[in-house]
Amino acid sequence: MLWAVYCVDRADTAEARAEHLTVHREYLDQFKSRIFFSGPLQNDDASVALGSLFILNVPARGGAEDFISNEPFYKAGIFEKIAIYRMRKGRYNPDLVDIV
Numbered sequence: 003m004l005w006a007v008y009c010v011d012r013a014d015t016a017e018a019r020a021e022h023l024t025v026h027r028e029y030l031d032q033f034k035s036r037i038f039f040s041g042p043l044q045n046d047d048a049s050v051a052l053g054s055l056f057i058l059n060v061p062a063r064g065g066a067e068d069f070i071s072n073e074p075f076y077k078a079g080i081f082e083k084i085a086i087y088r089m090r091k092g093r094y095n096p097d098l099v100d101i102v
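Per the numbering used here, the sequence shown starts with residue 3, numbered consecutively.
Quick caveat, the hints were computed from the structure, so don't treat them as lab data.
Some hints could be false.
Unchecked claim - Calculated pairs, DSBU-like style, for lysine-lysine (alpha carbon to alpha carbon, straight line, at most 30 Å): (1) 91 - 34; (2) 77 - 91; (3) 83 - 34; (4) 34 - 77.
What the hints assert, rightly or not - Ranges of calculated distance between the beta carbons of each label pair, as one might list FRET restraints: (5) 46 - 3: 15 to 23 Å; (6) 87 - 35: 27 to 35 Å; (7) 6 - 100: 33 to 41 Å; (8) 63 - 39: 16 to 24 Å.
Here the structure is a predicted model, which is why all the values come from computation and not from measurement.
Using N, Cα and C, we set each Cβ at its ideal position, and we do this for glycine too.
My request is simple: use the sequences and hints to build the entire structure.
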């Protein structure tokens, strides 16, 4: 089942994000078979990261909780707020993947 993990950054975390970016990406690579979609949340001109969104395919909420509790940005204290929501796939247009 799908789980949305919505993460909001603390203020002034750009340096911490940059410092932990490599290990963050390495961590995500370990979950390629479980991450349906993920990416940073940004302000309107894409100059500031505001958080992260992960759409995970895991059997239960515990899988999403385990994923985020070991995520390097979370462990570094970058996230101020985490929300986990169960979701189901509604509309899906894979043709749009290449335009972003």
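So does residue 46 sit 15 to 23 Å from residue 3, Cβ to Cβ? Distance hint for residue 46, residue 3 is violated at roughly 32 Å.
Proposed proximity, residue 91 with residue 77 (alpha carbon, max 30 Å): Distance ~29 Å between residue 77 and residue 91 Cα, so the pair holds.
Should the hint that residue 87 and residue 35 are 27 to 35 Å apart at their CB atoms be regarded as holding? violated (21 Å)
Could you grab the alpha-carbon distance between residue 83 and residue 34 and see if it respects the 30 Å cut-off? holds (24 Å)
Please verify whether residue 91 and residue 34 have alpha carbons no more than 30 Å apart. holds (18 Å)
Is 33 to 41 Å a correct range for the gap between the Cβ atoms of residue 6 and residue 100? violated (23 Å)
Hinted pair residue 34 and residue 77, Cα distance within 30 Å: Within the cut-off at roughly 20 Å; holds.
Starting from the hint 16 to 24 Å, judge whether the C-beta atoms of residue 63 and residue 39 obey it. holds (18 Å)
Hint violations for this structure: numbers 5, 6, 7, all remaining hints satisfied.
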